[in-house]
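Below, each chain spelled out in residue letters.
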Amino acid sequence: MNMDISRRRFLQGAGAGVAGTALGAFGFGGVEAAYAATVKEFRLFRTTEARSTCPYCAVACGMMVFSAPSAETGRMEVVHIEGDVDNPVNRGTLCPKGAGALDYIRSPQRVKVPMYRKAGADAFEEVSWDFAMERIAQLMKEDRDANFIETNADGVTVNRWPTMGFLSGSSCTNETGWITWKVARGLGMLQIENQARI
Amino acid sequence: MTNNWTDIQNADIVLVMGGNAAEAHPCGFKWVTEAKSERGAKLMVVDPRFTRTAAVSDHYAPIRSGSDIAFLSGVINYLLSNDAIHTEYVRNYTNAAYIVGEGYGFSEGLFTGYEEDRRAYDRSSWEYEIGEDGFAKRDMTLQHPRCVYQLMKAHFAAYTPEMVQRISGTPEDKFLKVAEWVASTANGERSMTIMYALGWTQHSHGAQNIRSAAMIQLLCGNIGVPGGGINALRGHSNVQGITDIGTLTASLPGYLAMPTDAEPTLDSHLAKRAFTPLQENQVSYWQNYNKFYVSFLKGMYGRNATADNQFGYDWLPKLDTTYDALKMFDVMHKGQTTGLLCQGFNPLMSIAYSGKSVAALAKLKFLVSMDPIETDTAYFWQNHGEFNDVDTASIQTEVFMLPVTSFVEEEGSLTNSSRNIQWKWRAADPYFESRRDTDILADLFLRLRKLYDDEGGTAPGPIQAIDWSYADPMAPAAEEILRELNGRALTDLRDAEGKVVRRAGEQLAGFGEMRADGSTDGVQWIYTGVYSPEGNLSQRRDNSDPSGKNVYGSWGFCWPANRRILYNRASADPDGKPWSEEKAYVFWDGQRWGGADVPDFPPTSNPSLRTGPFIMTPEGTSRLFARGFMAEGPFPVHYEPFEAPVLNPMFPAIRGNPAARVFDNDMEIFGDAEEFPIVATTYRLTEHFHYWTKSVRYNAVVQPEFFVEMSHALAEERGISPGQMVSVRSHRGEVKGRAMITKRLQPLQVDGRTLHYVGLPLHFGFVGQARKASPVNSLTPPVGDANAQTPEFKAFLVDVTPLADPVA
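Residue numbers (the working numbering), protein chains in the order written: chain C, 1 to 198; chain F, 199 to 1006.
Hints in this document: simulated from the structure, not taken from any laboratory.
Just so you know, these numbers come straight off a predicted model, no measurement behind them.
Glycine included, every Cβ here is placed at the ideal spot set by N, Cα and C.
Not one of these hints is a red herring.
Heads up, simulated BS3-like pairs for lysine-lysine below, C-alpha to C-alpha not over 27 Å straight-line:
1) K118/C <-> K970/F
2) K970/F <-> K112/C
3) K561/F <-> K118/C
4) K141/C <-> K525/F
5) K563/F <-> K141/C
Beyond 12 Å from chain C on every Cβ pair, some chain F residues (computed):
6) S279
7) N290
8) K470
9) P475
10) I813
11) V844
12) P945
With the sequences and hints as input, model every part of the structure.
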């Protein structure tokens, strides 16, 4: 049960019995509540939990991820991660990497907004998503229009775009992997690899 | 993995070689500990370093990095010459009895058919003799002089314990103990698992390292049995799933192949993949390749794919050559690449020869990094002194760094190294302005398609043909995409009697339902069943183990068809009876196959038909003799790394793997042992994951900086004291770090000389919270395995010299 009694409300209750002895003022029934009021609330009571897997190696340890609304942004943010005791492989354990996964989510190196470095510039600048996506799409189209090969010297339809590469991430989900495949191959790319054979 | 993490508990012997599971996969390694404590299993570790895994082993044997094939071939020779093999398994379940054609031969380190100018083989002589009945010839007595078994005996005879010691530096007694423990499992009563990782793959002969291990397991009858198998531990959380999806230059999803210029039509592509059985009554499951291929095309192009247009085959790009990562950077270095998208990828750190990589990136017109965190690659243009010494102003590359959600801010499925597809639920909103990869790619795709619709351009056809019928085209949902991977019936599917077995629109329950006429779709046939009519089975979280054999069959969904151990029919003898009660797993009950797992076999195939357990091969058996499927030969051979401290003691004229690709004019980038006498190898630390966690404060605190591990003997010889800064130079670059002098590394005696080693942790760079370091791959050579092109990071040559410490 979530002990939903604040210190302030408890003291108000105690005040009502002030005529009795000091012990009586608390009353037997109040001891539990008094004790509860001295204990810091278990912070996971107010969180939402989700089953996840560790982002690092391919053992894929089960994780329980606990989130709560951020006071600052109002968005759900992660406050705690622990091993999933139900998972038959890791049985609740996490290694030194997985145990610190919360710090990865909050890494000082998180990219916060789209960043753009102009040719020759010595710094990144913040740009909007729309600017970044439009510029990338234009650069890709320009190059695809210029270098796409529809048929080879023998007249065989080959529909390939040899000048564009895609390094696909092996920590992405299967669903991301398929969308990556579909888009990259759909545009005609041949230079596609992931970390599987590095 | 052929087996899985929890199955390791069923092992009697565990061999860890080419990996360090206790350090790099600690929570999976617990199953080794369980096997030791519950079954009294023995753990043996063969490694250049006395690793954390070695520290808890029952037997440790040192080895020179890059000489695994000599060691493993020594084990094969021991098994064959002592007749310590599981004979009935070998006779029936491997190709030991197959007779190889007269044209095959091996001499002076080369097989027949070598073409030196191409550094490649004509492999046509590495084939069986075919009889008049169209089937391959066999001699089940294993006596024919050209049967695989006899060829093996001759081929491996040279790998004596003395030769192993000479090449690998492993003392004879330590080698023999390994061989004896391996042999103790060649009986069907006991089993051995082999666990490996990048210590085997990152060599110019990496694929043959793993083949050698697989051959040992086959000789012992350890494939398809509980506690057995050949088990790749694997690095990234979804490296298995992304490999399955096939974002690799020559791959389609599910290990189907990209079309090439030589296959102008769908029929010509399929004709090369008929996979006719080589024996009577064999499954040869790849005969269904056409069904999977057409279902894939229906998934990719939807209604636009019809029988009249070869289901859209023309729209797929055709390969002129393969572009693995080393090749991509070679092409880029030549200035032939315009743009590169890096998705959760930091190639400046992870690709060989960083000096070449940074020069190559500088030739791009644009680079896009999609990642939750900043990568060194995204900052390649920024000068970081000795760690990344570039001329920023001269680099004309436009660079985009796009914020992507981290693992908790999205949902979807991941496939672990046990092939188990497990769903993860979203736990948080996107941080900052980050977006999911799928949303970014959908946005990019739809923008490009609109540009082609509005203004035209070169070849809009292939783009317009793609099926993008997601409920919200700008934000395809993960569940929707998993259904697409699984596949469904497009019209009512009927059986031979005309009965409807699957209604139009229903999800498919298994890949056996796929058809080649366009009536089914499904882009990833091996996953079919994961999103069946029953729902999303990757979300299952029932951790019961009804058989008591550590088979958690209702947790997630394991491809293929929820099988937890591959080739598991081999756990029973040819009559379908378990080899032993102890290892009973899948067996024939007189009517059907059943047991603890989903049988990897036709469920009612009577054993009297003698259908082999290796249902994917046309033989029905496994292959001790690889035929033409390996670039450098049908049997493993000891070849030195390209940078080796000694000439090949067996074949001194051969440098490296004779079939490995060396780029034009790149022979001179290799250093020699006179200038660079010390062997270097890279490795991981338990506190770090690749190049991510240097940007995570907690990890950077516990393991803050790059170091150079060396033995006391080397430190003494070079006058290096503990903690002193040292320079490590190869023929391609230099890194600096503090000396960590340990007893974990010891000099080895190799071919009559004392050989020193350094170990280099790979995790550091110039971006992040840890102390800055030059990329360790500044040192490594851009040469890869002859089959997979995995770079040779685990054995190369360096020199080490002390540096004066800067005055504090």
